[in-house]
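Each chain, letter by letter, is given below.
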Amino acid sequence: MTEAVFFYLFTIPMMAAALSVVFNRRPIYSVLSLLVVMFCLASLFIMLGAYFVAALQVLLYAGAVLVLFLFVVMLLNLEPDNLARMRLSTLRGIGTIAAAFLLFHLVRILTAPAASGIAATARPGADGTVENIGRALFTTYVLPFELISFLILAAIIGAVTLSKQQSDR
Amino acid sequence: MPLPSASAMLTIGPTHYLLASAILFVIGLIGIMTRRNVIMILLCIEIMFNAANLAFITYARAWHDLGGQITVFFIIIVAAAEVTVGLAIAVLLSRQLKTLNADEIRLLKW
Amino acid sequence: MVDVSPAPLCSWLILFAPLCAAILILLFGIHRRSLSAILAIAGLSTAFVCTAQLFLQTLNGQLVLPLELSVSWIAIPGLSIPFGILIDQLSLLMTLVVTGVGSAIFIYSVGYMAEEQAYSRYFGMLSLFAFSMLTIVLSNNWIQLFIGWELVGFSSYMLIGHWYAKPAAADAGKKAFMVNRVADFGFMLGILALWAISSPLASERTFHFQTLQDRLPGLVSAGLVSAPALTLIGLLIFCGPIGKSAQFPLHVWLPDAMEGPTPVSALIHAATMVAAGVYLLCRSFWLFEGLPTVLTTIMWVGGVTAFLAACLAMVENDLKRILAYSTLSQLGYMVMALGLGGRVAGMYHLTTHAFFKALLFLAAGSVIHGTHEQNIWKLGGLWRSMRWTSVTFLIGSLALCGFPGLSGFFSKDEILVLAHEENAALYWIGTLTAGMTAFYIARAWFVAFTGKSHGHAHESPPVMLMPLFLLAGLSIVGGYLEIPHFLGQHEGEFHAGVAATSLVVVGLGLCLAWLIYGKRVVSAQQVVHALALPYSFVARRYYIDEFYNWYVATIQQKLIAGLCAWVERYIIIGIAVNGIAWLTRGLGLILRRAQTGKVQTYALAFLLGVVCLLSVLRR
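Chains as they are written, first to last, in the numbering used here: chain A, 1 to 169; chain B, 1 to 110; chain C, 1 to 619.
Just chain A, with the same shape it has in the complex (with noise of 0.2 Å):
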């Protein structure tokens, strides 16, 4: 019940936050749209008992990556899209109804019988604490753990690279 209760307090605004991301007319409420988003999730993955991820979610997704997007629009100076003079073009009107079926492809897959053979109990050592996560991540994944840094490496390349003035005066 109470678990209900708490999910249901989460993933409400988290879907009218999304929906506000998608159709807002103004591209700064989008990003800060997504910030309900991501604290939203942050909850839903406490709730799911992925504390570690969920601080991770805050931290790196919510201060890092949403910081650099509110970044990006402000630089650019962008204008509010126009909805309203957004008409429904062929294609976006096939896009949303072609989501909506794909929508009710995973609802259906998604509530059919044979899925609901997941167990939802709680054991020890499943728990998604520092320590545990810790101890997977430098034991069984410390592989991806290190060619990940690589991947940043060339992230923080590319983005050096790419963002230079293009004449050197």
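Simulated from the structure, these hints should not be mistaken for laboratory data. Backbone N, C-alpha and C define an ideal beta-carbon position, used for all residues, glycine too. Hints may be right or wrong, so weigh each one.
Stated by the list, open to error - Derived DSBU-like pairs: lysine-lysine, alpha-carbon spacing no greater than 30 Å straight-line:
(1) C:Lys598 - B:Lys109
(2) C:Lys378 - C:Lys166
(3) B:Lys109 - B:Lys98
(4) B:Lys98 - A:Lys164
(5) B:Lys98 - C:Lys166
(6) C:Lys166 - C:Lys598
(7) A:Lys164 - C:Lys166
(8) B:Lys109 - A:Lys164
What the hints assert, rightly or not - If you want a taste of the chain B side facing chain A, the calculated C-beta under 10 Å gives, among others:
(9) Ser5
(10) Val26
(11) Ile27
(12) Gly31
(13) Glu82
Chains B and C: place on chain A using the hints.
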């Protein structure tokens, strides 16, 4: 498909989280289809990433396997890297083509 | 595979010697006049020598006929066509005529065409013609015969239009070919129909003469072939001779064919090619024997042709045209004979006709060569200036009339006796025609060879006179060569009444002609005035040419050809060709919309693909 009963709605299981993830994913998808600004499209891609994260975490919980959460860890990092480079490219685009309207960026057609 | 003992070797040589001559002339003979002439004459003479060899062997008893040599040419399941030679009495006689008379005419051509530019082409086409004609005669199956049939049509076209720069000659060649084409269409249908009924099993159907002849009674008695079907086939096959032997109503090409050189007229349009129709009827007589409708048609077509052509000859003023109509008339006699059931009589008359008609044409050619004039009213007095030519022409004319003792008398009488026994109406028509024959040829003789000379004339060189003498000799003794006996008829009938009547009629015709044109007792103009209306009708050749022209121009071109052109332009080109192009372009225009260059479009494409997959994979 019959409407879910009251007990089904109140007893939260993995299916609920997965449905939430699905709805979030589709919202992000609609955003990609519909938005005209390139930056906003990138933003909607982030929603889709988050939906996937939710699914991973749900299954990690359901199957008592921490691999799901590790995966989400990596996804977040990769998403950050991708946003970095993506936004840099978007800034460059706005400088070169003087526009960020997705309808006008048609360089993929020769 | 090929037997090289004497008789088979001779047989193959008959067929292929002229062909080799034609090919060698084509390869080496252009611009080399003497070489072409030598090759052509050598080719046909070789064929003649071989034929004579086979003939003598047959008379000795060394060679037993029929001799058949055949190689399998096309052998696929359901269709087997041999290529072969069939030597029996019929084909041997015809081959002798073709090669013998042909060789004489080749030698004559050397003199006649001496000042001609396209000498080599002439001899090349003549050799090709010889090969084609021999293919028809020696063939042992329908397809080979048809191939030869078409080839002689082609050679005839080339030779009629030898002087193609002259519009009349080119048109005449075209006319001959097209009229023959019409007839050959029916002929081909008949051949194919005969093949189709030759066996209920597709794999056993055949074109071979002997096989078909053996099978036909069995097929009829077993009820596999109905009488009406066979009648139709007979009529269709008769279409071929109607065209090739210029029977009414497809006779219109033969007078125009006189535009060609005179030796060509002699060889092709008198002695051999036009006789191919008669030969065919003899060869396939087993098919017509039991079909009274077809035989009646054949005999009446022949009779009508004989009569109408004789009328036309009486009013003609061009020497060669008179002889052309005469040929038509005599061909009518031959076809009538076959319709009446007389294979032997028809072939007999064919042989003697070959002799004296070729003689007449060559003599006319000699006249043309000496005077450069073809209109009989512009000639005259040739008896004095061209003695030998006149003598030979006279012999030929008398043979044509049926003067007693000459060859034409015996053969024509055979036909009249046959008509007398079978069909009274045709007998009287034939007799009347004989009288008209005498009249028109005597008319030509008196006007052109007697009386006052209008121009200058000189006698022809020996190379042209020798063939004339040879043919004159044959015209005289032709009746005593026992040709009917060779062909298998045992008893020569002699009917006194028929002979007497025909002599009387012939005499009347000769006298009438002498009175009008020889002695000038009765004025020709008065006779023409008296019979003004029928005269003009006949002089315009019964308006048949006008009718054909109208038919082609109006009905065929406007209606049928116009319809076909409309279908071609709007349906085939418009719908099928342009339509497919339009469709492709339209599809392209539609499908191009998917390539927008925008990322969102491609993302939509992914999404649609995923949705489709999910819809399909229902689990």
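Results for each hint:
1. C:Lys598 - B:Lys109: Roughly 8 Å separates the two Cα atoms, so the pair holds.
2. C:Lys378 - C:Lys166: Holds. C:Lys378 to C:Lys166 sits at ~22 Å (cutoff 30 Å).
3. B:Lys109 - B:Lys98: Cα-Cα ~18 Å, so holds.
4. B:Lys98 - A:Lys164: Answer holds: B:Lys98 to A:Lys164 is near 17 Å, not above 30 Å.
5. B:Lys98 - C:Lys166: Violated, because 80 Å separates the two Cα atoms, which is more than 30 Å.
6. C:Lys166 - C:Lys598: Distance ~73 Å between C:Lys166 and C:Lys598 Cα, so the pair is violated.
7. A:Lys164 - C:Lys166: violated, 90 Å
8. B:Lys109 - A:Lys164: holds, 27 Å
9. Ser5: violated, 13 Å
10. Val26: holds, 4 Å
11. Ile27: Constraint on B:Ile27 satisfied, holds at 5 Å.
12. Gly31: Holds: closest Cβ of chain A sits about 4 Å from B:Gly31, inside 10 Å.
13. Glu82: holds, 8 Å
Consistency with the previously given hints fails for numbers 5, 6, 7, 9, ordered from lowest to highest.
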